[in-house]
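Asker: Sequence:
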Amino acid sequence: MAEVYNVSGSSTPGELLVLDRTASSTVKVSTGTPYDPHVIGVVSTRPGFLLGWNTGAQVALTGRVPTKVVPTNGPIRIGDALTSSDVPGHAMKAMKPGMIVGYALEDADATSTIEIFIDVGYWAGATLKTDGTLAVLGEDLLITSPDTASSTVTTVDSWGLTFRGSAWDAASSTAVTRDFTILNDMVTATTSLLAVRSSSGTNVFTIDQTGNIEVMGDLKMLGRLYPSARGALQDQYYIFVDNSSSTNQYISTNADGWQAQTSYDLAERYYSEDALEPGDLVTASPTGEYGVAKATRGAPLMGIVSTKPGFLLGRHATDTYPIALSGRVPTKVTGQNGAIAVGDLLTVSDTPGVAMKATENGYVVGIALEAYDGAEIGRIEVFVSPSWNGSLGAAAGSSDGASGAGVRGFADIAAGSKKVTVAFPSLGAYPNVVASPYGDAGDWWIERVTDVGFDIVMRDALPRDVRFSWRAEASQTGDVLHNSDGTRGAIDPTTGVGPAMGSIAPESEPVADESTADSSTVDDVSVTEPEPEPTPEPAPDPEPAPET
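The working numbering numbers the first residue of the sequence shown as 21 and each following residue consecutively.
The set of hints was computed from the structure by calculation and includes no laboratory data.
Note that the structure is a prediction, hence the values are computed from the model and not measured.
Hints should not be assumed to be uniformly reliable.
Straight-line alpha carbon distances no greater than 20 Å define the calculated EDC-like cross-link-like pairs of lysine to aspartate or glutamate that follow [unchecked claim]: (1) LYS328 / GLU380; (2) LYS328 / GLU309; (3) LYS439 / GLU380; (4) LYS240 / GLU288; (5) LYS439 / ASP471; (6) LYS438 / GLU401; (7) LYS439 / GLU467; (8) LYS439 / GLU401; (9) LYS240 / ASP205; (10) LYS240 / ASP262; (11) LYS438 / ASP475; (12) LYS149 / ASP160; (13) LYS438 / ASP480; (14) LYS149 / ASP139; (15) LYS328 / ASP339; (16) LYS116 / ASP56; (17) LYS328 / GLU288; (18) LYS149 / GLU135; (19) LYS439 / GLU390; (20) LYS116 / ASP177; (21) LYS438 / ASP485; (22) LYS439 / ASP460; (23) LYS328 / GLU401; (24) LYS438 / ASP460; (25) LYS439 / ASP480.
Starting from the given sequences, assemble the full structure and let the hints guide the process.
Answerer: In structure tokens:
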């Protein structure tokens, strides 16, 4: 069946026709535009039924008709959809979605004329088909923009692909719909985002052209998070939540640990009624629980207000400050007690919160890592190590090991602390140290014994200060070391090394000269009673007497 149409130009039977958009009810031979959306039919050779009576082209509207074809898209096989080609008036096999003129009723391997069934319409081709159950997208799909950008409209987003859902709202007895749209959000000429946009028009998830991702809400992961290795992908080290304990959960990693690139101290947040600044020394606040205050002269020192902690404990709250407990931190200092040298112990000065060189026994906040000799308040790096130091006020006697020189004094371990370091000028020999606590100190011991000092250490910190008296004397040639197996022998007074277990005891043992036992000993603090003279040690029996 055919119908007569006005035709622009000449046409011959079998040629493919398209609408002439410059004139009403007029057709023309296809111009060589592949997939022309205005294809309308084929010039009929001998229509069985003809509509119209004017002169013009007899356009086959349905049925079968001889049609000119070219193998531009490959050989044509029976059943192939046909569309306009790059050759005027000729059809070709359709490979993409678009308007078609009909379907091949014959094969064609070359330019020729074959019978086709006229069925003008839109054809989805291999792009959208079915597997018998589901619709299948069979090739790439381009979702373009509705317009092209210009100097006045500088960005144009793509069309979106919208997913709509519906839920029943019992409160309002209405069905509520929600949309999510995927689109290309053009931000600038150099920045574009693949965006998931909510019903409100807000992007809730984006990926830019370089792979950067933004999520406008919480992100939950069932798997592991593998951070980059300095910009390179890696799949060995990850971050996860360790909730294996029923009472504690921790952010964990299977890497060696955590590293702060440009900060160096460990800090904890504490409340303070004072307006604190980075570098201030602090002490426990007398007015509030778990609080701190700017430190004043003689107060026990807790730490220093951190500038930029590498690791921070506790969450932020109003009037809380990060207090550096360990590591190095910029600290306010003054030259009140003289120039500060690297390695000097620091304590609080007459200016609250400001450190100075420690020159006497007392609380110290740490060790200077930089020198300072300014007249005004400045800042230096300090290694934070709050403690009590009892060595700075010591006065020592002779350090001549041969003379039995010794020193004595007192050492306090402050409440909450477990160690005090005692230091003195070199005795010139391995020291014989005796210490005794004033009251119950729990388990305690002496360690790090050298010719210039030792540490007194308690196993547990106590809620009160504990005072020790101590005495250190230089070892003498002939001093005896007794072993637990009953053997004994002289020690090396320089190193303190004595005979090994099983050594033979000497025939006789030298006894320290009573006249030199403490003739050169000097008190390092004043005492109310004189130190008793030591009694010379008698030579032991070869074997201990049995108990009766």
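Asker: Against each hint, give a clear statement of whether it holds in the structure.
Answerer: Verification of the supplied hints:
Taking the CA atoms of LYS328 and GLU380, the gap is about 31 Å. The hint is violated against a cut of 20 Å. At roughly 25 Å between alpha-carbon atoms, LYS328 and GLU309 are farther apart than 20 Å, so this suggested pair is violated. For the hint linking LYS439 to GLU380, the alpha-carbon distance of about 18 Å falls within 20 Å, and the restraint holds. With a CA separation close to 28 Å, the supplied pair LYS240 and GLU288 exceeds the 20 Å bound.
With a CA separation close to 19 Å, the supplied pair LYS439 and ASP471 stays within the 20 Å bound. At roughly 25 Å between alpha-carbon atoms, LYS438 and GLU401 are farther apart than 20 Å, so this suggested pair is violated. Annotation: proposed proximity of LYS439 to GLU467 holds, straight-line Cα distance about 10 Å (limit 20 Å). Annotation: proposed proximity of LYS439 to GLU401 is violated, straight-line Cα distance about 24 Å (limit 20 Å).
With a CA separation close to 25 Å, the supplied pair LYS240 and ASP205 exceeds the 20 Å bound. Restraint check for LYS240 and ASP262: the C-alpha separation of about 15 Å stays at or below 20 Å, so the hint holds. A hinted pair counts as satisfied when its Cα atoms are at most 20 Å apart, and LYS438 with ASP475 qualifies at roughly 10 Å. Restraint check for LYS149 and ASP160: satisfied, since their Cα atoms lie roughly 13 Å apart, inside the 20 Å limit.
Restraint check: the Cα-Cα separation between LYS438 and ASP480 comes to about 6 Å, which is no more than 20 Å; the hinted pair holds. Between LYS149 and ASP139 the alpha-carbon distance is near 19 Å, which keeps this suggested pair within the 20 Å criterion. Our distance criterion of 20 Å between C-alpha atoms is met by LYS328 and ASP339, whose separation comes to about 17 Å. Distance restraint check for LYS116 and ASP56: the Cα-Cα separation of roughly 12 Å lies within the 20 Å cut-off, and the hinted pair is therefore satisfied.
Annotation: proposed proximity of LYS328 to GLU288 holds, straight-line Cα distance about 12 Å (limit 20 Å). Between the alpha carbons of LYS149 and GLU135 the distance comes to roughly 26 Å, so the proposed pair goes past 20 Å and is violated. Simply put, LYS439 and GLU390 have alpha-carbon atoms about 25 Å apart, too far for the 20 Å limit, and the pair is violated. Pair hint LYS116 plus ASP177 does not hold up; C-alpha atoms about 25 Å apart against a cutoff of 20 Å.
Taking the CA atoms of LYS438 and ASP485, the gap is near 10 Å; set against the 20 Å cutoff, the hint holds. Restraint check: the Cα-Cα separation between LYS439 and ASP460 comes to about 15 Å, which is no more than 20 Å; the hinted pair holds. Between LYS328 and GLU401 the alpha-carbon distance is near 13 Å, which keeps this suggested pair within the 20 Å criterion. For the hint linking LYS438 to ASP460, the alpha-carbon distance of about 14 Å falls within 20 Å, and the restraint holds.
Using a Cα cut-off of 20 Å, the hinted pair LYS439 and ASP480 holds, with the two alpha carbons roughly 10 Å apart.
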